[in-house]
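Visitor: One-letter residues, chain by chain:
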Amino acid sequence: MSKRIDVQDLNVFYGDFKAVEDVTIRVEARSVTAFIGPSGCGKSTFLRTLNRMHEVIPGARVEGQVLLDGDDLYGAGVDPVTVRSQIGMVFQRPNPFPTMSIRDNVLAGVKLNNKRISRAESDALVERSLRGANLWKEVKDRLDKPGSGLSGGQQQRLCIARAIAVEPEVILMDEPCSALDPISTLAVEDLIDELKDNYTVVIVTHNMQQAARVSEKTAFFNIAGTGDPGRLIEYSDTTEIFNNPREKSTEDYVSGRFG
Amino acid sequence: MTNTMTTRRKSNLTRGQLPKYTPWVVVAAAVVLAAAIMTLVGFSAFGWGVLAAILFTVGLTGISAAVEGARQAKDKLATCLVFGSFLIALLPLISVIWTVLVNGIPGLTFDFLFYSMNGVTGQFDDAAAAGEAPVVGGVYHAIVGTLLMTLWATLISVPVGLLAAVYLVEYSEGGRLAKAITFFVDVMTGIPSIVAGLFAVAFFAVVFGPGTKTGIVAAVALSVLMIPVVVRSTEEMLRIVPNELREASYALGVRKWRTITKVVIPTAISGIASGVTLAIARVVGETAPILVTAGFATSINFNVFSGWMASLPTFIYTQIITPTSPSNPDPSAQRAWAAALLLIILVMLLNLAARLIARFFAPKTGR
Amino acid sequence: MSKQTSRAGDRIFSTTALMAGVLILVVLFSVAVFLLIQALPAFFADPSEITGGEGFWSYIWPIIVGTVIAAAIALILATPVALGVALFISHYAPRRLSQGLGYVIDLLAAIPSVIYGVWGITFLAVQLEPMYEWLAEYAGWIPIFAGPASATGKTMLTAGIVLAVMILPIITSISREIFLQTPKLHEEAALALGATRWEMIRMTVIPFGRPGVISAVMLGLGRALGETMAVALVLSTGPLILSLIQTGNSTIAAEIALNYPEAYGLRLAELIAAGLLLFIITLAVNMVARWVITRNKDFSGANA
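Chains as they are written, first to last, in numbering that gives the first Met the number 0: chain A, 0 to 258; chain B, 0 to 366; chain C, 0 to 303.
No lab work stands behind these hints, which were simulated from the structure alone.
In this text the structure is predicted, and so the values were computed from the model without any measurement.
Just so it is clear, CB atoms sit at the ideal spot from N, CA and C, and this is done for glycine as well.
It is possible that part of the hints are untrue.
To be verified - Below, a sample of chain A positions facing chain C; criterion: calculated Cβ distance under 7 Å:
#1 V80
#2 S84
#3 V165
Unchecked claim - Heads up, simulated DMTMM-like pairs for lysine to aspartate or glutamate below, C-alpha to C-alpha not over 20 Å straight-line:
#4 K110/A with E53/C
#5 K19/B with E54/A
#6 K110/A with E166/A
#7 K19/B with D78/A
#8 K110/A with E243/B
#9 K261/B with E187/C
#10 K19/B with E67/B
#11 K73/B with E62/A
#12 K183/C with E54/A
#13 K255/B with E261/C
#14 K136/A with D192/A
#15 K144/A with E166/A
#16 K212/B with E261/C
#17 K17/A with D78/A
#18 K195/A with D140/A
#19 K17/A with E62/A
#20 K195/A with E168/A
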């Protein structure tokens, strides 16, 4: 599994307001790509358009193409549900289902697709996913306890386990560590590093060190001013972006001169 | 390049999905099929609509189950049912308003509004039913009664409700008494209206002797129904007054009760007024408590402290259940419908007024 | 001097506010006490003097059962539709429309009960009558549809349908508020897993809203139990029978409203005693409903 994403001339609107303009980008399979940029530059919005989660926001719409191994996510007759089961997402704040146990949280997505899954199979899947999320050791004795009882970092890894349990092609992460303490952040970063062996990972982050640590390629987004749409300024290998950026504004941003 | 590629081969993402126009095709098929079945068993527009809706739901779910699988089919079924229940809920609303309009408009004349039922006997109605005379009699006495009893109920409930809400929000600090009051206010909103009426009867019977039936007894009964509504809405409005305002006032050395009366309540006044209006709209249509407390009058009575009183709802009720002329109930029915139309207009106006007050007089705080 | 008066003002004002709060408790308590005082003769009267001639409890028992039947019909019919409407407004209707649609449903609650009664007796009963005959003929073997069907349509089922219409907006408006409060985070989590809209609702909205929905239904039940005019007008009352499409049955509230105008003496006490029972039943239902709400406040997951 794991697929490539090609974005062609994508524009995102909130009602009449153009939030993101003319993004063309190729995200390679089995890699970690980081989106960085100042607040409000549209990187989170853009990330959401990669699995049509922006449609949850009233008035949001896109123009352009997003191709998953050549198939347009916005093609006629494409069901967002199909898209989302192939492209998973982890959110800024951990959001395990409060009414479900840890085990049920991991299985939540799987149960949607496979009605009948044997106890042994589901046990194996829960263990595999939780191991994949580096959470197995911490929770294996309390799988039937509610997921909301875990610490923030554990909850976030539970959400990652839930996302990988459905075996998506791509995992999108929207600032997954912004609500976590440094130790939990480290745990999640280690996890991202392992995930890239099997998945295409796209991560939005405010933290440039994090982008530098986890990603192979980095895209820098910026806005010219308030009310202007966000644009993709530079996209290249992470080492290039941080050590030898082509654009002046990229250099200013990664060197901490603004943003 | 990629463009031509996607159009040439079928996208993996749309595999096994129904085209977008499917629901429209199913609608057309359901409507036609339903019409065909209805012509076989006897046509009725209502049955046609229901049958078409059922056929549509079954058809769409079935096709979806066959092509897209159980998950999509369930989703489509749920969507059909949810839309269907909304349509079902609209039916009685439209039907009630339509029936009241159609039956009420003929009787709603100038004379109807400004004459009472005093002296109107079965003979007049028999004559009217025979087409020899117009339908006479009106609701003036009932309008007067409704307005007076509601006014008195408002005069009792607003101070009590307002002060109780002030106590809950400004003074109680969440103690046990406050918890008890909040809980029982909530419970009180569920008191059946007829029980409120019986309470007022029992109360006045114990205090003033049995058989006391006057407007004020009805007003007390209505207050029992109104107070909890006033407390709840006022409480909610007082709670959204930002604490900064109170602190700013205290910092100026203003006493607490002056702060409440001069700062907190004025800030929340539009919400409070809107809540009171809604409470009035609720009790103005109450029938049962008035039936047992104010009796039923056919003549005009301006004095709530003595004598029976009519109200619009009890007028409607008695005209239907005991027509003025038992042999010719039609004139009574016409009066009842006209009064019903009047009552609906009154209630809708009160509801509208409540929304307008809340919208246009809202304090410009926050946001 | 002025300082002195305003300090007194503080005390007077806070005491008045406290009194108003206490008054509410007193009123609720005195409702029970005064009803009890006035009802006492009915409990202790010679059984032969009570309506029916066999004592108060055998007089009131069938009416209580009738009340419960009417409320049960109303709940069974109203709950699924009300929840569907609530979901429609919260999760299906276009966002721009949803507030307006909420108002439309609230209009149903604004219409006075007597008008529902008149509508039920003159329009609905007439419309339903052929259906009752059909039911009596083809489904008469089910006891609740046993014939002969009432020729006027003024039956328990009609009354139950009218009650259902009346409690629908109550259940809808509370459920709608609760459904709207479902944390966006959880809804997005479900959608991001590839859930369809219905699956998202099943996974997040329904578990989150369940306690609220239960209490909304209980409040609807309380209203249905105590609703007077609709039943008094629509139902042509009679002794307790199982069939819902024949003339018969009664409810406490309707019994009071229909007989009160001519009642005096012991008969009055009987009716007030019936009112007291109705008060106790609805009080219990409402208290349970409120208790469910408060008990679940801490576990709703809204803080997660």
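Visitor: Can you list which hints this structure breaks, lowest number first?
Guide: Hints 4, 8, 9, 11, 13, 15, 17 and 18 contradicted; others consistent.
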